[in-house]
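Given the structure of chain A, go ahead and fit chain B onto it with the hints provided.
Quick note, the sequences are listed as chains A and B, same order.
Mind the numbering: the first sequence is residues 1 to 428 in full-length UniProt numbering, read in order.
Mind the numbering: the second sequence is residues 1 to 428 in full-length UniProt numbering, read in order.
Just to be clear, a hint being listed does not mean it is correct.
Intra- or inter-copy, both count: the list cannot distinguish identical chains.
Said to hold, decoys possible - The list that follows gives simulated cross-link-like pairs (lysine to aspartate or glutamate, EDC-like), each with its CA atoms no further than 20 Å apart:
(1) K397 to E280
(2) K21 to E152
(3) K21 to E294
(4) K50 to E93
(5) K397 to E192
(6) K358 to D418
(7) K358 to E411
Don't read these hints as lab results, they were simulated from the structure.
There are 2 protein chains.
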Amino acid sequence: MTKPLRLGIAGLGTVGIGVVKIIRRQAALLEARTGRPVVISAVSARDASKDRGISLSRYAWESDPVALALRDDVDVFVELMGGHEGPAKAATEAALAAGKDVVTANKALLAIHGQALAEQAEANGQVIRFEAAVAGGIPVIKSLTEGLAGNEITRIMGVMNGTCNYILTQMQATGQGYNALFEECGKLGYLEADPNLDVGGIDAGHKLALLASIAFGTKPSFDDIQLEGIQRITLEDITQAADMGFRIKLLGVAQRSARGLEQRMSPCLVPASSPLGQLEGGTNMVVIEGDAVEQVVLRGPGAGEGPTASAVLGDICDLARGLRIATFGQPAASLQDVPAAQTGLPAPYYLRMALQDKPGALAKVAAALGDAGVSIDRMRQYSHSEPTAPVLIVTHKCTRATLDIALQALEASDVVDDAPVALRIEEL
Amino acid sequence: MTKPLRLGIAGLGTVGIGVVKIIRRQAALLEARTGRPVVISAVSARDASKDRGISLSRYAWESDPVALALRDDVDVFVELMGGHEGPAKAATEAALAAGKDVVTANKALLAIHGQALAEQAEANGQVIRFEAAVAGGIPVIKSLTEGLAGNEITRIMGVMNGTCNYILTQMQATGQGYNALFEECGKLGYLEADPNLDVGGIDAGHKLALLASIAFGTKPSFDDIQLEGIQRITLEDITQAADMGFRIKLLGVAQRSARGLEQRMSPCLVPASSPLGQLEGGTNMVVIEGDAVEQVVLRGPGAGEGPTASAVLGDICDLARGLRIATFGQPAASLQDVPAAQTGLPAPYYLRMALQDKPGALAKVAAALGDAGVSIDRMRQYSHSEPTAPVLIVTHKCTRATLDIALQALEASDVVDDAPVALRIEEL
Numbered sequence: 001m002t003k004p005l006r007l008g009i010a011g012l013g014t015v016g017i018g019v020v021k022i023i024r025r026q027a028a029l030l031e032a033r034t035g036r037p038v039v040i041s042a043v044s045a046r047d048a049s050k051d052r053g054i055s056l057s058r059y060a061w062e063s064d065p066v067a068l069a070l071r072d073d074v075d076v077f078v079e080l081m082g083g084h085e086g087p088a089k090a091a092t093e094a095a096l097a098a099g100k101d102v103v104t105a106n107k108a109l110l111a112i113h114g115q116a117l118a119e120q121a122e123a124n125g126q127v128i129r130f131e132a133a134v135a136g137g138i139p140v141i142k143s144l145t146e147g148l149a150g151n152e153i154t155r156i157m158g159v160m161n162g163t164c165n166y167i168l169t170q171m172q173a174t175g176q177g178y179n180a181l182f183e184e185c186g187k188l189g190y191l192e193a194d195p196n197l198d199v200g201g202i203d204a205g206h207k208l209a210l211l212a213s214i215a216f217g218t219k220p221s222f223d224d225i226q227l228e229g230i231q232r233i234t235l236e237d238i239t240q241a242a243d244m245g246f247r248i249k250l251l252g253v254a255q256r257s258a259r260g261l262e263q264r265m266s267p268c269l270v271p272a273s274s275p276l277g278q279l280e281g282g283t284n285m286v287v288i289e290g291d292a293v294e295q296v297v298l299r300g301p302g303a304g305e306g307p308t309a310s311a312v313l314g315d316i317c318d319l320a321r322g323l324r325i326a327t328f329g330q331p332a333a334s335l336q337d338v339p340a341a342q343t344g345l346p347a348p349y350y351l352r353m354a355l356q357d358k359p360g361a362l363a364k365v366a367a368a369l370g371d372a373g374v375s376i377d378r379m380r381q382y383s384h385s386e387p388t389a390p391v392l393i394v395t396h397k398c399t400r401a402t403l404d405i406a407l408q409a410l411e412a413s414d415v416v417d418d419a420p421v422a423l424r425i426e427e428l
Numbered sequence: 001m002t003k004p005l006r007l008g009i010a011g012l013g014t015v016g017i018g019v020v021k022i023i024r025r026q027a028a029l030l031e032a033r034t035g036r037p038v039v040i041s042a043v044s045a046r047d048a049s050k051d052r053g054i055s056l057s058r059y060a061w062e063s064d065p066v067a068l069a070l071r072d073d074v075d076v077f078v079e080l081m082g083g084h085e086g087p088a089k090a091a092t093e094a095a096l097a098a099g100k101d102v103v104t105a106n107k108a109l110l111a112i113h114g115q116a117l118a119e120q121a122e123a124n125g126q127v128i129r130f131e132a133a134v135a136g137g138i139p140v141i142k143s144l145t146e147g148l149a150g151n152e153i154t155r156i157m158g159v160m161n162g163t164c165n166y167i168l169t170q171m172q173a174t175g176q177g178y179n180a181l182f183e184e185c186g187k188l189g190y191l192e193a194d195p196n197l198d199v200g201g202i203d204a205g206h207k208l209a210l211l212a213s214i215a216f217g218t219k220p221s222f223d224d225i226q227l228e229g230i231q232r233i234t235l236e237d238i239t240q241a242a243d244m245g246f247r248i249k250l251l252g253v254a255q256r257s258a259r260g261l262e263q264r265m266s267p268c269l270v271p272a273s274s275p276l277g278q279l280e281g282g283t284n285m286v287v288i289e290g291d292a293v294e295q296v297v298l299r300g301p302g303a304g305e306g307p308t309a310s311a312v313l314g315d316i317c318d319l320a321r322g323l324r325i326a327t328f329g330q331p332a333a334s335l336q337d338v339p340a341a342q343t344g345l346p347a348p349y350y351l352r353m354a355l356q357d358k359p360g361a362l363a364k365v366a367a368a369l370g371d372a373g374v375s376i377d378r379m380r381q382y383s384h385s386e387p388t389a390p391v392l393i394v395t396h397k398c399t400r401a402t403l404d405i406a407l408q409a410l411e412a413s414d415v416v417d418d419a420p421v422a423l424r425i426e427e428l
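Chain A extracted, bound-state conformation (with noise of 0.2 Å):
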């Protein structure tokens, strides 16, 4: 099998020019362990004029990246421009009506097209591979779809925005605001042109999406993710938290019960000493937990140019090979369309809140939380200098619904100022 696997990659910033730069230094390697050469046709990228460090000459070029995924010398289009709508859709889908397999790094195209994608991939006998599209350099779609399939998968919950945990671990090590570490990653360009995608939880909310729809045999389904940004934490949610024994991570859980699928991507707290409190920085992780395997937990960068275009060139060394599965691990069609679960298995809680300073305030944000049937495990008020107190609270074991009609009263009370904050204390 001497055939190369040929190539046209779509998109060159830096992990398409990581992988161009692996192709040419690894030929052999990737030739060794492949059986055949794995070679770049043609490239695509908006300015053509733009220096990326290295040469392109000597592969052909095109403006458009349809145009790219339709050539007659490209067997794989390798989509790495970005984008749920416009170029990427466009030339994903006419690479796969053309007959040519896909190895994408986007998230947000598959967590919200996947399904009818997968579809076009399927009725043309075609494969859509999207290792680089979850946790950067972690091969954890692999390990879920392959790895893991004689499990039926209990939890998965990943770490998977790396700009989100470096500012909460650094306002831990330093004791700097939230609004501060957000500059800071603005400059050090660690934010999407569109923050939001990044604090707000949406960019791994699209990474949450993919790997319950694997874990647990259903259509991709971004919008049902309960989606909460960690704009919201203070550096004192950081310290009472670290006080406790808990770490703040934005978190995303996805469960399937009789319930229906749920789907969190919110700020959580984590024991401390768990792998997933110890992680720091832009570092990924995701826990795999099954009814055979018990826990599997895997770490590593989740971004950047090298340990993203190897995600990407381990789909293509999968291709190269004849390894060829279903995108999310079983036919399009059999993925089931399973509703979100109303409400989330019961747990403890954190909440912040400022209290009105007068007397019985506290006494009507005690009976709030008894009415509506949320108990309380431990409560702390601070002396203070403004006109409003912070107090926290750490319930017992309530259900997110149950917490809701308390935090409404609360709200609707004269007591406290703004929605309390709330975070999940979710158990490992």
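Then chain B, alone, in the frame of chain A:
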């Protein structure tokens, strides 16, 4: 593709029964994921009358595993007997000769006979899969062989014997000595029939040989591994290491360089705050470092019915899905015969020795080290009631070859009782 994949399972111990249970419990899930039924045609074990907790009467019974391997209604021979000679080897060879694929959990068989078996399999167009042979439920073989195939692997490390890690972490947690915990492990059933397989590092060494072969494209060469067990680790070593910010782990390390292939399985000091340092109890961890991916860390249960069966099922699902790959990731004929590195990369070492209590003794130790070219970073002598004084030394970086010259001089001297303990401080 509704033709079932038909298994013959040889060996009905913990893992074998675990595999049977998953195939029964998750029949629908396995079929949904692989596109075909996964069924058991026949089983084999030494004792047909033993109560294994589940009824096996629906499967044909073969008392001879070779006969099982040759059955017409078996597509895949699942070898879960263990042992690197005898029936496991004979039946594996028979299965390959008869055109069957093989799934095995047998690290010893592959570490010692892997090259010959891989050649036999490939000559017949068959495959051998062995995810369960290394690190239990962690999908490390798949991650390394496929997910990270775009990387030139620069180093691979692992804590892959749960019993050793249990002993070492319990020494620290409970203050008990090695012998007491070794006895406890015996009572808990944590030890192999020949405990030296565990505490002597042989079992973990088998696993390292398999990882090294895949990582570096070399023939598996268990005989070239520098093996050292944990039997000489004292509570004092554990405590001292902790005081210096380290933990002691039975750590496998493989690296390939111009000096050759370095494979070590030995007790090492690792930073307490690193993922390896934080690993407690029987859990396994493998750290893979590649030129593109930087560092990926995989963690999970290293043994047990469910986790090991999960790994076996991963391989079975691959075969059911038609995912076929060369045993060690590239054709066996292309695996290189790389000589063992005569000396590893320089590292700091931790030394412990029992010093005779006489004038000039410490000077002789210092001289022996200095003469060999080993310089001392830290040294401590403790007050003592025995005739010898415990002395602990942390050296600056040196090669093991250099250190060995110093150690030989110390042993030959009249001031040190027994051979000093020397543990490498592995840099992460």
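Each hint tested on the structure:
no.	hint	in the structure
1	K397 to E280	neither (28 Å within a copy, 28 Å between copies)
2	K21 to E152	between (39 Å within a copy, 13 Å between copies)
3	K21 to E294	between (38 Å within a copy, 15 Å between copies)
4	K50 to E93	neither (27 Å within a copy, 58 Å between copies)
5	K397 to E192	neither (36 Å within a copy, 43 Å between copies)
6	K358 to D418	within (16 Å within a copy, 75 Å between copies)
7	K358 to E411	within (16 Å within a copy, 78 Å between copies)
In terms of the numbered hints stated before, the structure departs from hints 1, 4 and 5, listed from lowest to highest.
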